[in-house]
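Line by line, the protein sequences are chains A and B.
At position 270 of the first sequence (counting the first as 1) the number is 388 in my numbering, and the numbers step up by one without a gap.
At position 23 of the second sequence (counting the first as 1) the number is 141 in my numbering, and the numbers step up by one without a gap.
Hints were generated in silico from the structure; no laboratory data involved.
Careful, some of the hints might be misleading.
Note: identical chains are not told apart, hence a pair may lie in one copy or across any two.
Said to hold, decoys possible - Straight-line alpha carbon distances no greater than 25 Å define the calculated DMTMM-like cross-link-like pairs of lysine to aspartate or glutamate that follow:
hint : residue 1 : residue 2
1    : Lys236    : Glu221
2    : Lys421    : Asp363
3    : Lys275    : Asp472
4    : Lys236    : Asp321
5    : Lys318    : Glu249
Protein chains: 2
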Amino acid sequence: MATADATDLALHCRQIADAARQASRRLATLDAEQKNKWLLESASALLDATDEILHANAQDIAAAPTFGLSEAQIDRLRLDAQRIAGIASGLTEVAALPDPCGEIIEGQTRPGGLKIQKVRVPLGVVFFIYESRPNVTADAAAICVKSGNAVILRGGKEAAHSSQAIVDVLHRTATRLGLPDGAVQLVDTPDRAAVGHFLKMNDAIDVTIPRGGESLIRRVVSEATMPVIKHFDGNCHVYVDVAADLEMATRITENAKCQRMGVCNACESLLVHRDIAAEFLPMVAAVLTSRGIEMRGDDESRKIVDMQPATDADLRAEFLGPVISVAIVDHVQHAAQHINDYGSHHTDAIVTNDYRTAQTFTAMVDSAAVMVNASTRFNDGGQFGLGAEIGISTDKFHARGPCGLRELTTYKYIVHGDGHIRD
Amino acid sequence: MATADATDLALHCRQIADAARQASRRLATLDAEQKNKWLLESASALLDATDEILHANAQDIAAAPTFGLSEAQIDRLRLDAQRIAGIASGLTEVAALPDPCGEIIEGQTRPGGLKIQKVRVPLGVVFFIYESRPNVTADAAAICVKSGNAVILRGGKEAAHSSQAIVDVLHRTATRLGLPDGAVQLVDTPDRAAVGHFLKMNDAIDVTIPRGGESLIRRVVSEATMPVIKHFDGNCHVYVDVAADLEMATRITENAKCQRMGVCNACESLLVHRDIAAEFLPMVAAVLTSRGIEMRGDDESRKIVDMQPATDADLRAEFLGPVISVAIVDHVQHAAQHINDYGSHHTDAIVTNDYRTAQTFTAMVDSAAVMVNASTRFNDGGQFGLGAEIGISTDKFHARGPCGLRELTTYKYIVHGDGHIRD
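Modelling step: build the complete structure from the supplied sequences, incorporating the hints.
Given below as structure tokens:
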């Protein structure tokens, strides 16, 4: 659908959502074997369709300069046979994961004999909004269908041809294997109003998962009428305690800040216990400066190391680049309070060798992941062993931290009686 | 606070919410013993304060006619020594339940030695909006604090004095035991605008739970900026299959419809397999009619039993009274489709002796609870063994079905390393 007036667009989105809802009812009744067969045959079909996908990708690459993409962005957009093989093996990996659906989470026989089971079932329909890398198209489709959900994919326009070619392959495989038509659908209009239409359809869509910049995510949250799995940002902290191994603290701070800067679990703020600040700050400053990191400190830390002053905004910022804020704290409780007040509830770490201090920190810090003597960079579905990840949540409701297959499910109670009535 | 201008009210609500947030940080670190001590001593303090509570209750009873309460409503509002003892024993029962917080839901040691735990923790702050019965004030406070949450209680104005007297007792006990001040707060203004202020504070409130009429709940859902645990209504079905024991089907239908009519898990719609309709409908009609139930049927069922026609709205309705809609279906798939399209995703039952039909029904019906050969009336926290219930959810996100202590929790990842950094 290349162009459309407003009514046509609304109708088109409605048709997509209704098809997804219908498909979700069927998908919920498939067993793991049927879903895995689709994943494995789709993997092989993607390899067979390498030429077709590369042809589509060439159209995206040709159009990339008109979208103002940088060289690095164009590189992430570019596919070759090896990358397509990588996409295919991603599907194979999801096939190897256990099916979360049908798990009997718990159950009991009640006095009187009523048998109550709490059984894991799919959420239903996922609306997934994502950045332009075409591999995400296949990953998200795999995770959603494996967890028994239908998915409506809204990818970046920069990868429109590549994503459509990939979805065409997934769709043909689904049709051949008798999976429902609406299981995987790509929104095939660049019209931004389409997103607004879908966000109103809480009768047909069970969850929206936006990935991208904070402004996109804020727009989605403010318009969505259904639950949203998301994180706005990640102002992650490393707190170096008085009882820290300072060499370890330096290594962890360097890794958390520098190993990959543009990601949500990178460290943006360093908190240092007052009593070791004079020793530790010069150590860590030497390493961070050698890595090209700009430090911005509070008044006290600037008495120890020469750096720019940190504003209140700096202490709240997700820099996503070579800047770190620094503050001195009095004790672990002070550190935890600062993290709860200034942080993003994403990932926060302590470095300490004191047993009770570690326990206080993990109890008090109200974040999705709390690390002791480990880099913040470990908060990741792969590192946590989820196998596949569709996003990270900083919310507390439903799913917190990395979201994999199980986070795309809910449960229902199935109750078996023998003519039971209530007194 | 008797009266307030708009700015004062907003400020007052903000202070309540901030106090709750602060309290929630402390409550999250309490162990079960501390919380149980508060519950048990509050129970005993409520008994000691019987005169004080009855005095407050007398003020509510005196004011009741000015709110236009019916005799039945006034009776539910009225306390006596025995009812206060019941409220106190409710607190004792919650103390006896296991503490959900601190449960290590799962955990693993990753290759490389990082130890990952998924630990159950409180949601934080609950905003609870409820009907006028004063016992709910104590129940809700007990469930929230036992699950480690601070609670902001917004009760009906009809029970304002009684609720305040109960909260005063809970509060005094909390102060004496060193629990944080903001753990249990009652919104002490009748101004309806207060609810709107709280619903905007998603920085301080983690979940809103409204109980009451559908219009109140729809208002809350449309204004809330935080997650809401709720059900709008319960259009619950009983489907009588061709393979049903028709005596059992009659008993279950009668129980589901008549045992208590004004509740969300009562049956509102009866679906009957075409092939047993001629035999079953007269049987069930005789019983329902003798119980004073009006039946409204589709065209086919009206050829068998004389009744008023059921409109499409009747088939979607939650009557909460002596009316039931009736429709003929062709098979179990048809019944499941009808339930998914017309129902409330609350509680739906099948009566059948056919093994595969029962399995098809439980797999296809997309409701919080699906019953086989049991009355819909069993979907209830007490009946399901949750011990205490703060509401029933028909949503799929976070919590579905009866919500007890555990449904007021989330989890966080606690990760222990030994200087681990990421490659």
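Query raised in the report: Given identical chains, is lysine 236 near aspartate 321, meaning Cα to Cα at most 25 Å, within a copy, between copies, both, or neither?
Result: Close inside one copy (24 Å), not across copies (32 Å); limit 25 Å.
Query raised in the report: Are the CA atoms of lysine 318 and glutamate 249 at most 25 Å apart within a copy, between copies, both, or neither?
Result: within (21 Å within a copy, 30 Å between copies)
Query raised in the report: Within a copy, between copies, both or neither: where do lysine 421 and aspartate 363 come within 25 Å Cα-Cα?
Result: Within. Shortest intra-copy distance 23 Å satisfies the 25 Å Cα cut-off; inter-copy 84 Å does not.
Query raised in the report: Can you tell me if lysine 236 and glutamate 221 fall within 25 Å by alpha carbon in one copy, between copies, both or neither?
Result: Both: 8 Å inside a chain and 18 Å across chains, each within 25 Å.
Query raised in the report: Between the shortest in-copy and the shortest cross-copy C-alpha distance, which are at most 25 Å for lysine 275 and aspartate 472: within, between, both, or neither?
Result: neither (51 Å within a copy, 51 Å between copies)
Checked against the numbered hints given earlier, this structure breaks only hint 3.
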